[in-house]
Amino acid sequence: MSGRRMETVLTTHFADEGFRRLEGYLGKAGYEGLRKAVAMPREAIVDEVKKANLRGRGGAGFPAGVKWGFLPKDLSRPRVLVVNADEGEPGTFKDRLILSRGPHLLVEGIAITCFALQIHEAWIYIRGEYAREARILEEALSEARAAGFLGKDLLGSGFDLEVVLHRGAGAYICGEETSTINSLEGKRGWPRLKPPFPAAVGAFGRPTLVNNVETLANVPWILRNGGERFAALGCEKNGGTRLVGVSGPVVRPGIYELPANANLRSVVYDVAGGLRDGKALKAVIPGGSSTPVLRADEIDVTLDIESMAAKGTMAGTCGVIVIPEGTCMVRALSVLMNFYAHESCGQCSPCREGTGWLARIVGRIEAGEGKPGDVELILDVCDNMSGRTICALADAAAMPAQSFIGKFRGEFDRHIAEGKCRP
Amino acid sequence: MSFSLTEAARAELDRLFAGYPNRAAAILPALHVVQREKGYVPDEAIPFLAELAGTSPADVEGIATFYTMYNRGPVGRYHLQVCRNLSCSLMGAEHIIAHVSGKLGIRPGETTPDGMFTLSMAECLGSCGTAPVMMVNDEYHENLTPESIDALIERLRAGE
Ligand code: SF4
Ligand code: FES
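Chains as they are written, first to last, in numbering that gives the first Met the number 0: chain A, 0 to 422; chain B, 0 to 159.
A couple of the hints might just be wrong.
To be verified - Each pair of labels, with its calculated beta carbon distance range: (1) A:138 to B:17: 21 to 27 Å; (2) B:144 to A:311: 35 to 41 Å; (3) A:379 to B:149: 44 to 50 Å; (4) B:35 to A:296: 46 to 52 Å.
Since the hints were derived computationally from the structure, they do not count as laboratory data. Note that the structure is a prediction, hence the values are computed from the model and not measured. All C-beta atoms in this analysis are idealised placements derived from N, C-alpha and C, irrespective of residue type, glycine included.
All chains, full assembly: derive it from the sequences and hints.
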């Protein structure tokens, strides 16, 4: 990108195979953040994270320090940390990298967070498909326990912490925090009506904090180097770096750790090397499948939350999906609509019915059986879904439909008129 | 029909059910144990787990069907699940699915007559940067090409 080598927080030692084991991690200042934390007053730890300007990395971007503050002050009811490792938003594959290359970053982040907030019990909810990552993480947890970084009286601080790894079983919706909690309790992963919010009544009825893997993995660095330095790595409203995932037919797909305000065009062309086989760019989905699509001429924008919002889209999970010229946008939308219809949990009728309708209508247009008025019908269904449901999945399905049509309307109309594809 | 498990699996279940704040919370991991032992979650396992969890068979059934990873019927020795979501689709997932399908002579949802392979389609597996991707049982196979698939299937057929 620029000539200056960027400082990284998370991926610095990911190329080093030994880093995933305790010994290798300790050799790179591992658990120094925790050592520092246990010698600090608890409020000072929280202050450091507030100063760091760390925002949740799971997609919603809520300030982590503020979220931590939602737990009730009263300690009489035991509180719980739930770690959301249920990555499943199409285009997003960053947490898997942390889990497999730097599991101790997460374990240390959990220990510091729990110590700061006096949480004695943490549950890591990992998506069921990540079997290999679960094994790596389990190994890291045992290593950390044996070394006294977890468990009874951790590091001689008098503080006890138990961490349990819990595997999901295949359901995208379990990434929604109240659904994660229900699933953890052994129920169907149905999102819950809020209030009560998890901070008041969460897992097993206890006050609960839910944080994403990447969010927590940043915490050790913040303790080691200070919140101000972390904040300085990012931009005004979001400290630190982002793990940006680039997928689709680019020269170098993968995860890149970049400043929170990296330029999207530069991500596609410089970082990921541009498109393969000299293809031209058609569109980019910037932050995971539910974020509104941008046309090729709209990607000169920085990835920070505010700039993306100003462009009418979202930074989301920073899962950048690159779509080349020659892709049929009706077909691409059809893939996404099938996904949301499959993953709707079915509790709310606007979502259950709406996602099904969207999948069917887009599907028939794609199959050459679209009818005049179908595009209006799609937009109408979207209007009836947004903002009327328990969780955000209905909106997550409506946004790509609205933006694909808004920006590539001609393709949908032609598909209907000619009964076939001419992207 | 009654339902039985190996000693080791039974012990693991007991540990699971004792380890959660309430017994019902162990149902998901318990279903994983059953599936690992049997290859799928047989009907007889439902009342068996309900009893252990202190809940109703209808509850356990509801959970076993809600989550896509639990197979409710027998699958082949190797369960091939190819991602069909957008990043994989842009990298040719359709061709990959067609290729596997042609090679094995089965369509998605089917099992080969010798019981070796079941083909399914999956949603995003969280491996979009190494698309196209499929899972074979618990393992990811990434950056798939027709050649890599042929080689893999030969290896599995040869029992390696
Ligand atoms: S919006 Fe959809 S996914 Fe969310 S709770 Fe309602 S039906 Fe379930
Ligand atoms: S789209 Fe296939 S792994 Fe994400």
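Cross-check of the supplied hints:
no.: 1; hint: A:138 to B:17: 21 to 27 Å; in the structure: 23 Å, holds
no.: 2; hint: B:144 to A:311: 35 to 41 Å; in the structure: 37 Å, holds
no.: 3; hint: A:379 to B:149: 44 to 50 Å; in the structure: 47 Å, holds
no.: 4; hint: B:35 to A:296: 46 to 52 Å; in the structure: 51 Å, holds
This entry satisfies every hint, going by the numbered hints stated previously.
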